[in-house]
Every structure is written in structure tokens, then in C-alpha cells.
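Please put together the full structure from these sequences, using the hints given.
The opening position of the sequence shown corresponds to residue 240 in our numbering, with each subsequent residue numbered one higher.
Calculated directly from the structure, the hints in this document are not laboratory data.
Since we're looking at a predicted model, the values are computed, not measured.
One or more of the hints may lead you astray.
Under the rule of at most 30 Å between Cα atoms (straight-line distance), these lysine-lysine pairs were calculated in the DSSO-like manner [to be verified]: (1) K460 <-> K404; (2) K249 <-> K364; (3) K376 <-> K364; (4) K376 <-> K433; (5) K460 <-> K408; (6) K408 <-> K465; (7) K376 <-> K249.
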Amino acid sequence: MPTRLIPYLKILVHLLCLAPFLYLLNTYRTGAIANEADPVNSMTHFTGDWALWILLVSLAITPLRRLHPALSNLIRFRRLVGLYAFFYATLHLAIYVFLFSGYDIQSAIAGVQAGHMGEIVNQFKIIWPSILEDLGKRRFIQVGLLSWTILLALTLTSPMVVLRKMGGKNWQRLHRLVYVAAIAACVHYWWLVKAGVRAPLPDSLILTVLLLARLGWVYLKGRRTKATAKAS
Numbered sequence: 240m241p242t243r244l245i246p247y248l249k250i251l252v253h254l255l256c257l258a259p260f261l262y263l264l265n266t267y268r269t270g271a272i273a274n275e276a277d278p279v280n281s282m283t284h285f286t287g288d289w290a291l292w293i294l295l296v297s298l299a300i301t302p303l304r305r306l307h308p309a310l311s312n313l314i315r316f317r318r319l320v321g322l323y324a325f326f327y328a329t330l331h332l333a334i335y336v337f338l339f340s341g342y343d344i345q346s347a348i349a350g351v352q353a354g355h356m357g358e359i360v361n362q363f364k365i366i367w368p369s370i371l372e373d374l375g376k377r378r379f380i381q382v383g384l385l386s387w388t389i390l391l392a393l394t395l396t397s398p399m400v401v402l403r404k405m406g407g408k409n410w411q412r413l414h415r416l417v418y419v420a421a422i423a424a425c426v427h428y429w430w431l432v433k434a435g436v437r438a439p440l441p442d443s444l445i446l447t448v449l450l451l452a453r454l455g456w457v458y459l460k461g462r463r464t465k466a467t468a469k470a471s
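The following block contains the structure:
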């Protein structure tokens with residue numbers, strides 16, 4: 240992959256990653272989302288699916304770049320793709336908080352327009368008990384929040400300046416948690432759907448292949464290191 244093409248390819252990646260969001264906005268603008276049997280549930284699943292799919296793409300970048308030297312520049316897209324995974328995961332969470340949990344957006348906006356900025360917080364106080372109740376009794380919300388929290392930590396530490404401050408090894412240890420986030424996301428999906436529903440299976444199989452590829456690479460790398468040590 241020629242280096243000179245990377246800026247143009249990054250624009251393409253931005254457009255591809257934004258396409259689902261723009262599609263969702265258009266369905267809302269045109270009113271098409273209202274034709275769904277459950278519009279809020281539809282938006283929740285849509286954003287959750289894309290968060291997981293883009294996260295899997297970001298995980299696939301590292302093994303793909305190892306297949307051939309010509310693909311080595313793929314690593315320069317990994318952070319960008321990972322940030323979009325967090326973007327869709329945050330949309331997914333926001334839909335739950337602002338729509339599923341009964342947050343009164345209209346009252347919050349009216350309060351702000353009237354000069355009462357605290358109304359935003361007041362509306363959160365109203366729904367907070369129901370969110371805590373959900374969190375306490377629904378396992379899929381617990382593991383989903385775990386996945387989002389990990390992605391938040393990885394997003395906040397993704398800039399190069401943070402990497403320098405943390406040191407390469409510490410940064411790498413933290414960012415390996417992306418695999419935990421992906422596993423938690425798949426578990427969240429399985430626990431969300433009804434028993435017998437196999438919709439999460441393709442994503443889980445892809446993640447399993449990626450995890451096996453990761454473990455295989457670590458194993459081979461360890462063997463090469465030992466062989467080099469013995470030879471010296």
C-alpha cells in the first residue's frame with residue numbers, strides 16, 4: 240500500500256464508517272424509522288450491531304497486516320477504526336439512557352431555553368434509580384457497560400501524547416483489553432437476545448478466529464524468541 244495514498248484512504252474510511260450514522264439520521268429525518276414496529280429498539284440494535292462490527296474490523300487489522308509486507312500500512316488505520324467503534328457504542332448507550340430509560344428530553348430543552356441549565360441534571364436524577372435497577376438485575380447491561388467502559392479508557396489513551404507519557408509497554412498492556420471489550424460485547428449480545436436466537440453467532444465466530452490468530456502469533460513469537468536466545 241503506497242504511503243502517498245494513505246490520506247485519501249483515510250477519507251474513504253471516514254466516509255464508510257460514517258455511512259451507517261448518516262443512514263440512521265436520514266431514516267429519522269424522513270420519518271422512515273417510525274415505520275418500524277419498535278423504533279427505539281430498532282435504533283438500539285442498529286447502533287449496537289455497527290459498534291461490534293467496526294470493533295471486529297479494528298481487531299482484524301493487526302493479523303491482516305502480518306500476512307504480507309504490502310499490507311503493513313494497515314496499522315495506520317487501526318486507531319481511526321477503533322474510534323468509530325467507540326462512537327457507535329456511545330450512540331448505543333445514549334439511546335438506552337435518553338430513550339429507553341425515559342429521560343425527558345423536551346423538559347430538559349425547555350429548561351435550558353428558560354435559563355435553567357440544572358434541568359439537564361434534574362432529568363438525570365429522575366431516571367437514575369431506574370437505570371441502577373436495570374444495572375442491578377440485567378446481566379446484559381452489566382457486561383455491555385463493561386465493554387463500553389473499556390472502550391472509553393482506550394479512546395482517552397489513544398492519542399500519541401498519552402502513549403509517550405504512559406510508556407510503550409504500559410500502553411500496550413492497557414490496549415490489549417480491547418479483546419476483553421470485544422468478548423464482553425459478544426456476551427452482551429448473547430444475553431440480550433432470547434434463547435434459541437442465533438443472531439450473535441457470526442460475530443462470535445469471527446471474534447473466535449481473531450482470538451485464535453492472536454494466540455497463535457503470541458505462541459510463534461515466543462518460540463522464535465526462545466530459539467534466538469538458545470542460538471546466542
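Given hint K249 paired with K376 - CA-CA distance at most 30 Å: violated, 42 Å
With a cut-off of 30 Å on the C-alpha distance, tell me whether K460 and K404 pass. holds, 27 Å
Holds or violated: are the alpha carbons of K249 and K364 at most 30 Å from each other? Violated: K249 and K364 sit about 41 Å apart, past 30 Å.
Satisfaction of hint between K364 and K376, Cα-Cα up to 30 Å: holds, 20 Å
Are K460 and K408 close enough, with their CA atoms no more than 30 Å apart? Judged against 30 Å, a Cα distance of about 17 Å means the pair holds.
Assess, step by step, whether the Cα of K408 is no farther than 30 Å from the Cα of K465, and give holds or violated. Holds, because 20 Å separates the two Cα atoms, which is no more than 30 Å.
Sort out whether K433 lies within 30 Å of K376, counting only the CA atoms. Satisfied, since the Cα-Cα distance of roughly 16 Å is no more than 30 Å.
Violated hints for the displayed structure, listed by number in ascending order: 2 and 7.
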